[in-house]
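Q: Numbering (numbering that gives the first Met the number 0), first residue to last: 0 to 123.
The set of hints was computed from the structure by calculation and includes no laboratory data. This one's a predicted model, so the numbers in the text were calculated from it and none came from an experiment. Take these hints with a grain of salt, some might be off.
Claimed, not checked - Here are the computed lysine-lysine pairs in the DSSO-like style, where the Cα-Cα straight-line distance is at most 30 Å:
1) Lys4 to Lys117
2) Lys20 to Lys93
3) Lys105 to Lys66
4) Lys105 to Lys4
5) Lys4 to Lys20
6) Lys93 to Lys66
7) Lys4 to Lys93
8) Lys20 to Lys3
9) Lys3 to Lys66
10) Lys117 to Lys20
11) Lys2 to Lys66
12) Lys105 to Lys20
13) Lys93 to Lys117
14) Lys20 to Lys2
What the hints assert, rightly or not - FRET-style restraints, in silico, Cβ to Cβ:
15) Gln87 to Glu26: 32 to 40 Å
16) Leu114 to Lys4: 13 to 21 Å
17) Ser13 to Pro72: 18 to 26 Å
18) Glu37 to Arg73: 29 to 37 Å
19) Glu26 to Asp108: 16 to 24 Å
Virtual Cβ for every residue (Gly too), placed ideally from N, Cα, C.
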Amino acid sequence: MPKKKAFVVDDNRSTAESLAKMLTLMEIEAVVCLGPREAIQRLSSGVPDFMTLDVNMPGVSGLEVVKYIRRDPRIADLPVIIISSDTQTADMAKALLAGANVFLPKPVDFDRLELAVKDILSES
Numbered sequence: 000m001p002k003k004k005a006f007v008v009d010d011n012r013s014t015a016e017s018l019a020k021m022l023t024l025m026e027i028e029a030v031v032c033l034g035p036r037e038a039i040q041r042l043s044s045g046v047p048d049f050m051t052l053d054v055n056m057p058g059v060s061g062l063e064v065v066k067y068i069r070r071d072p073r074i075a076d077l078p079v080i081i082i083s084s085d086t087q088t089a090d091m092a093k094a095l096l097a098g099a100n101v102f103l104p105k106p107v108d109f110d111r112l113e114l115a116v117k118d119i120l121s122e123s
């Protein structure tokens with residue numbers, strides 16, 4: 000079975016690398032994208048099995064990226080795990096309404112991430 004691949008999208012390099020390390024421990028190939036523009040560019044040349052996406056990034060928010068993904072028929076079914084330090088119920092609801100599959104609070108706990116990944120990969 001080929002290795003699963005994920006895009007890790009966050010404007011904070013240390014957060015992105017930490018998430019990438021966790022995914023690597025799950026035997027998932029993690030591609031770090033330092034910001035939404037890089038992620039959207041990479042999506043044009045290849046689609047991962049899923050994506051982790053920070054909400055608060057300069058320029059284009061993670062919620063806008065999710066909406067973009069859901070509008071593009073080629074990638075509309077891409078599973079997205081939103082990761083944010085905004086953990087109010089309204090913020091979580093906004094992320095899910097925008098089209099996220101899962102919402103995880105920062106800092107991300109390995110066990111929660113692993114459960115979320117297993118859930119979204121079993122759905123696809």
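Q: Please go over all the hints and tell whether each is borne out by the structure.
A: Here's how the hints hold up against the structure:
1. Of the supplied pair hints, the one linking Lys4 and Lys117 holds, its CA atoms being roughly 13 Å apart against a limit of 30 Å.
2. Between Lys20 and Lys93, the direct Cα distance comes to roughly 28 Å. Compliance with the 30 Å bound is thereby established for this hinted pair.
3. Using a Cα cut-off of 30 Å, the hinted pair Lys105 and Lys66 holds, with the two alpha carbons roughly 21 Å apart.
4. Only pairs whose Cα atoms come within 30 Å are accepted, and Lys105 paired with Lys4 is accepted, the gap being roughly 22 Å.
5. Straight-line distance between C-alpha atoms of Lys4 and Lys20 comes to about 13 Å, which keeps the hinted pair within the 30 Å bound.
6. Proximity of Lys93 to Lys66 is assessed by CA-CA distance (about 11 Å); at most 30 Å being required, the pair is judged to hold.
7. A hinted pair counts as satisfied when its Cα atoms are at most 30 Å apart, and Lys4 with Lys93 qualifies at roughly 26 Å.
8. A threshold of 30 Å between alpha carbons decides the hint, and for Lys20 with Lys3 the separation of about 14 Å falls inside it, so the pair holds.
9. Taking the CA atoms of Lys3 and Lys66, the gap is near 23 Å; set against the 30 Å cutoff, the hint holds.
10. Restraint check: the Cα-Cα separation between Lys117 and Lys20 comes to about 16 Å, which is no more than 30 Å; the hinted pair holds.
11. A C-alpha spacing of about 27 Å is found between Lys2 and Lys66, which places the hinted pair at or below 30 Å, so the restraint holds.
12. Proximity of Lys105 to Lys20 is assessed by CA-CA distance (about 15 Å); at most 30 Å being required, the pair is judged to hold.
13. Taken as a hint, the Lys93 and Lys117 pair is honoured in the structure, with Cα atoms around 23 Å apart against an allowance of 30 Å.
14. At roughly 15 Å between alpha-carbon atoms, Lys20 and Lys2 fall within 30 Å of each other, so this suggested pair holds.
15. Under the hint 32 to 40 Å, the C-beta atoms of Gln87 and Glu26, about 34 Å apart, fit the expected range.
16. Our hint of 13 to 21 Å for Leu114 and Lys4 holds, since their Cβ atoms are close to 19 Å apart.
17. Checked against the hint of 18 to 26 Å, the C-beta distance between Ser13 and Pro72 comes to roughly 35 Å, which is inconsistent with it.
18. Between Glu37 and Arg73 the Cβ separation comes to about 18 Å, which falls outside the hinted range of 29 to 37 Å.
19. Take Glu26 and Asp108: their Cβ atoms lie about 19 Å apart, and the range 16 to 24 Å holds.
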